[in-house]
Amino acid sequence: MSSDPDENGPVFSAEQARQGEIILRTRARRIIFIAGLVGLVFLALLVWWV
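Number 50 marks the last residue of the sequence shown (my numbering); no jumps.
The reader is advised that the hints may include incorrect statements.
For each label pair, taking beta carbons as the anchor points, the in silico distance ranges come out as [claimed, not checked]:
| no. | residue 1 | residue 2 | range |
| --- | --- | --- | --- |
| 1 | F12 | L46 | 21 to 27 Å |
| 2 | W49 | S13 | 36 to 42 Å |
| 3 | G9 | V50 | 36 to 42 Å |
| 4 | N8 | G39 | 43 to 49 Å |
| 5 | E7 | L40 | 42 to 48 Å |
| 6 | Q19 | W48 | 45 to 51 Å |
| 7 | V11 | A44 | 39 to 45 Å |
Don't read these hints as lab results, they were simulated from the structure.
Keep in mind it's a predicted model, so treat the numbers as computed, not measured.
Cβ coordinates follow ideal geometry from the N, Cα and C atoms, glycine included.
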């Protein structure tokens, strides 16, 4: 094995290697996201209750 960094693949900074982020720029996307969270809580309560 060589110690040459080019042979080990590309090197990314922490900023470039960051995972995705939630972008809720429009009102419709925010409503859908919040509705999904509320739906998950409702489903959890329904499963726990039944």
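So, going through the hints one by one against the coordinates:
{"no.": "1", "hint": "F12 with L46: 21 to 27 Å", "result": "violated (43 Å)"}
{"no.": "2", "hint": "W49 with S13: 36 to 42 Å", "result": "violated (48 Å)"}
{"no.": "3", "hint": "G9 with V50: 36 to 42 Å", "result": "violated (50 Å)"}
{"no.": "4", "hint": "N8 with G39: 43 to 49 Å", "result": "holds (44 Å)"}
{"no.": "5", "hint": "E7 with L40: 42 to 48 Å", "result": "holds (46 Å)"}
{"no.": "6", "hint": "Q19 with W48: 45 to 51 Å", "result": "violated (31 Å)"}
{"no.": "7", "hint": "V11 with A44: 39 to 45 Å", "result": "holds (42 Å)"}
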